[in-house]
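J.: Chains as they are written, first to last, in my numbering: chain A, 1 to 110; chain B, 111 to 228.
Hint data in this document are derived by calculation from the structure and do not stem from the laboratory.
We put the CB at the ideal spot given by N, CA and C, even for glycine.
Just to be clear, a hint being listed does not mean it is correct.
[Said to hold, decoys possible] Selected chain B positions facing chain A (in silico; Cβ < 10 Å):
#1 His117
#2 Phe144
#3 Tyr146
#4 Ser153
#5 Leu156
#6 Glu169
#7 Cys204
#8 Gly222
#9 Gln224
#10 Leu228
Each chain, letter by letter, is given below.
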Amino acid sequence: SQELEQSPQSLIVQEGKNLTINCTSSKTLYGLYWYKQKYGEGLIFLMMLQKGGEEKSHEKITAKLDEKKQQSSLHITASQPSHAGIYLCGADTGGFKTIFGAGTRLFVKA
Amino acid sequence: GAVVSQHPSWVICKSGTSVKIECRSLDFQATTMFWYRQFPKQSLMLMATSNEGSKATYEQGVEKDKFLINHASLTLSTLTVTSAHPEDSSFYICSARSTHRGPGEKLFFGSGTQLSVL
Chain A
1 SQELEQSPQS LIVQEGKNLT INCTSSKTLY GLYWYKQKYG EGLIFLMMLQ KGGEEKSHEK
61 ITAKLDEKKQ QSSLHITASQ PSHAGIYLCG ADTGGFKTIF GAGTRLFVKA
Chain B
111 GAVVSQHPSW VICKSGTSVK IECRSLDFQA TTMFWYRQFP KQSLMLMATS NEGSKATYEQ
171 GVEKDKFLIN HASLTLSTLT VTSAHPEDSS FYICSARSTH RGPGEKLFFG SGTQLSVL
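Same shape as in the complex, but just chain A (with noise of 0.2 Å):
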């Protein structure tokens, strides 16, 4: 079965650094998703990325789909407060079913 790994688990940082996540897939990706969620709320949709060597940016969010599509990266640049939160990379399984990775907890100290 196919599995996400996102690293790292937590990540602490100052106002105004930047920030990596990366979520690497034990298969390759039919599509790979990334979303943040709040402590104890939903997810919140950031972007969705297919092909392979794919960049797409949303304000201060840039992903990045590797070439081999399995592995994605989330990049923040001059993060901020409202920045933390949880970022979930899910991807399609070719079934329909959407899978997760564990998340990485960002705090973004003020």
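Fit chain B to the supplied structure of chain A, relying on the hints for placement.
T.: Relative to the frame of chain A, chain B by itself:
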């Protein structure tokens, strides 16, 4: 954007009672909805796939008689936790796919339900 409404946001119940959680797609039709469970500091665990007009497909290890799923219409799926016990306390989230979206399209998530069983 598409919206999925989940209700209630939180519920506290006594051990032995049943609790129903609703998941509605507000502006699109969803032939398939998913139910997840999330423990503190852990990721989402898929419990079951809810298909409109047919029986739900449960993941391995999920008791179908414990977690009853009904998907009676293209906009509503319900999860009933029967005879709830403290170990059922968790955060439950639903998600939905539009009938016009195939694999690789984004899922839309509800805001979750925090269940606490006393």
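J.: Taking the numbered hints from earlier one at a time, note which ones the structure violates and give those numbers from smallest to largest.
T.: Hint check: 1 and 10 fail, others pass.
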